[in-house]
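> Chain order of the listed sequences is A and B. Our numbering puts the first residue of the first sequence at 1, with every later residue one more than the last. Our numbering puts the first residue of the second sequence at 1001, with every later residue one more than the last.
What the hints contain is simulated information worked out from the structure, not anything from laboratory work. Treat the hints with care, as some may be off.
[Stated by the list, open to error] Using 30 Å as the maximum straight-line C-alpha spacing, the simulated DSS-like pairs for lysine-lysine come out as follows:
hint, chain 1, residue 1, chain 2, residue 2
1, A, K15, B, K1079
2, A, K57, B, K1079
3, A, K17, B, K1079
4, A, K17, B, K1002
5, B, K1079, A, K11
6, B, K1097, A, K57
7, B, K1079, B, K1045
[To be verified] Some chain A residues near chain B, calculated using beta-carbon distances under 7 Å:
hint, residue
8, I26
9, L91
10, E106
On a predicted model such as this, the values are computed, not experimentally measured, just so you know. Glycine included, every Cβ here is placed at the ideal spot set by N, Cα and C.
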Amino acid sequence: GAGVSQSPSNKVTEKGKDVELRCDPISGHTALYWYRQSLGQGLEFLIYFQGNSAPDKSGLPSDRFSAERTGGSVSTLTIQRTQQEDSAVYLCASSLVRLSGGAGNEQFFGPGTRLTVL
Amino acid sequence: RKEVEQDPGPFNVPEGATVAFNCTYSNSASQSFFWYRQDCRKEPKLLMSVYSSGNEDGRFTAQLNRASQYISLLIRDSKLSDSATYLCVVNIAAHYKLSFGAGTTVTVRA
């Protein structure tokens, strides 16, 4: 079946502009995650959704970042008043069940959105 | 101490060689362990889950040592296509966050 999809694949924007990044998880996956990866760095957790609610937003770097999920499916990550330090690859992942330990709860990643803030 | 630590490498090996590397994790309550592979400018892809008894998937063998809090990955008969960064990933029970290591880079040369 189809994997996780993200759009756009690349986004170049000017400092101060708002951007919206979209994620379509694997059908039936109830959990959805957003990560950020800067060049040459590891993955940084941003936010987790279970269904439409976000029990953990602790990874969002500032109040310029927000995310929502509707219909238990598509999610949008919004960055307001973008800054140059926001430049990174934003990765979305989904999993079948809420992770509570054990195999079978693996996360599957989309191809990411490469954001460049000039 | 970082939650997950890996030797960044790079491990440069000839085709056909065996290469192995470890990852240590800090939380003794961790319950789920995975190896992901990430190619340059691509998303991480699940390579294999790691089970308590250790498991094998073709040329790849993963081991878990709970007492010493490390997991290992061994690649036999290396192929050029095995060149990638291998991410050690640990999930803490009752938590949904995956802690990612920074990755171990493997380069297989002809």
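> What hint numbers does the structure not satisfy?
Those not satisfied are hints 1, 2, 3, 4, 5, 8.
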